[in-house]
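Here is what each chain is made of, one letter per residue.
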Amino acid sequence: MGMTLAEKILAAKCGKKEVSPGDLINAKVDLVMANDITAPIAIRQFEKLGVKDVFDKSRVVFVPSHFMPPRDIATAEQGKVMREFAHKMGIVWYELGQAGIEHILLPWKGHVVPGDLYCGADSHTPTCGALGAFSCGMGSTDIAVAMATGEVWMKVPATMRLIYHGKMQNWTRSKDLILHTIGEIGTDGATYMAMQFEGEALKDMSMDARFTMTNMAAEAGGKTGLMIPDEVTIEYVTPRAQHEWTVYKPDPDAVYEKTFEFDASTIEPTVAMPYSPGNTKTISEVAKENIEIDQVFIGSCTNARMEDLREAAEIMRGRMIAPNIRCIVIPATQDIFKEALKEGLIQVFTDSGCQVSAATCGPCLGGHYGVLAEGERCVSTSNRNFPGRMGHPKAEAYLVNPPVAAAAAIAGRIVHPDEVAR
Amino acid sequence: MKGKAHKFGDHVDTDQIIPAAYLVTTDPKELAIHCMETPDPDFMKRVKDGDVMIAGIDFGCGSSREHAPIAIMGAGVSCVIAKSFARIFFRNSINLGLPVLESPEAADAIEQGDEIDVDLATGTIRNLTTEQTFTAKPFEPFMMDIIEAGGLVEYTKKKLAAKAAS
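If you read the sequences in order, they're chains R and V.
Letter 293 of the first sequence, counting from 1, is numbered 293 in this note's numbering, and no numbers are missing.
Letter 163 of the second sequence, counting from 1, is numbered 163 in this note's numbering, and no numbers are missing.
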């Protein structure tokens, strides 16, 4: 029987010729990651295991991203715990000033490559699946055991195939394809499944754009999101790969639990309304509602890569953001910050009246650098808008693509980008 | 395990179980202070040791934070019964030894404040208030091994010891 991309990778990682959905396997991991929220628990659990060393120092990475730079003493303590452990163990550690959001940092630095089984203690770990890796979010205890043994237990997921025909139009971006998809299949539509994204619309996409889609596999309940490696993938990976890689492709006779087909040319820029990423409307519908806003956030592991910043800057260039609006721009990593500086994008944002901050997850999870008060409304390029996600439980977050976010900052309300960029 | 039921709706995500702002400790009791305060600000005032949480579909969706099951355990909750669970939350709970039972029928029928008795070995859920009985979806044997060992850490310790001895 043919195998899907996810099954191919998992079969290789557990040393079997073939695996099928539902099989319980013990698989070898290529990379293990934790951040400043999840590492402290992972460290505590690791120490209980009574193991002296991690399975491979070069394959365990800690990234301080969520509450960093520390916002208070408690978060500074968490940073200290992970920093000391990282130094003691000799694992890969990215210090502030060289770090950023893990899901953008690690593929950029070549730690994740095609064919990898990568487990991270963060739910947005599926992001790296855009490289053709099996990239899976887990909890801290799983990560502790993986750090010690280099293995994880796993149930082979069934695969959901999502095909995007046609080409995206005008202001539609990869973010809109995934928001639209979550709106269609629901936030638990892909629970326990691997989401295999493919089709004509993906062919022209940069890796930046592709990562946005696999990132939000988490919001559909997916165990991972994957894309089949092509020339774009190879070009991205070749100069940065830190270890050997293998390109796996699904068999033509692979069996899919479900298949969804979309016509990308008809998908409009999409807005996920409060309080669920699956509560979607088109920008044309939302623009009619005349929703006034307090804050715009351009950042997060979903949309804070160079392409995202370029597009937002393009809309803001020569324009001021609306009075009484705060716009916070956070490039995802220090490398991206430097590149944005070199390209003059930071100048554009600051000239437009935006606050630009150093790399962090920040307001996406209501951590710091832009937490919302009761009743405030934020247009955000991030991935979640649950009650209380970005601050007060009665604050509202609207999830959009970067051009729509930039246009909202200029207009002071949610508008179609055409209204601003014309 | 026996306790009163505390009922919640569908899609209760981990930001609602324990908001990110409070993820600055790994101590179960400290985390429990803010457990479920978004959907039910009085939850912590009412909950007693051994009580049972009842939820709808996709309980625990969202972030991978293990603080969510830790906060629930810190609140004294002995078991969560839901129509369905999100993947990472389910896995985290098993790994920590928090019993999570899937039973759409029980989740529908049990009301706030009902007295519930759960037998994990058989997956039997009894509503002592209404005298109804339900059976939860059984755990796979492998997961039962983890639960019986007291969580993934203890389970792995045993495995590592066996490996070292052989």
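Since the hints were derived computationally from the structure, they do not count as laboratory data.
Don't take every hint at face value.
As the list claims (entries may be wrong) - Taking CB as the label site, the calculated pair distances span:
1) R:D253 with V:E105: 30 to 40 Å
2) R:V255 with V:K45: 16 to 26 Å
3) R:Q169 with V:I33: 43 to 53 Å
Unchecked claim - Calculated pairs, SDA-like style, for lysine to any residue (alpha carbon to alpha carbon, straight line, at most 20 Å):
4) R:K52 with V:A164
5) V:K157 with R:T149
6) V:K158 with R:A74
7) R:K48 with V:G9
8) V:K159 with R:A74
9) R:K52 with V:A161
10) V:K159 with R:K394
11) V:K157 with R:V152
12) R:K52 with V:K45
13) R:K394 with V:K83
14) V:K83 with V:L120
15) V:K157 with R:L49
16) R:K48 with V:G97
17) V:K163 with R:D335
18) V:K45 with V:G97
19) V:K163 with R:A74
20) V:K29 with R:A74
We put the beta carbon where it would ideally sit given N, CA and C, even for glycine.
For this session: Sort out which numbered hints this structure fails and list those numbers smallest first.
Result: 2, 6, 7, 8, 10, 12, 13, 17, 18 and 19
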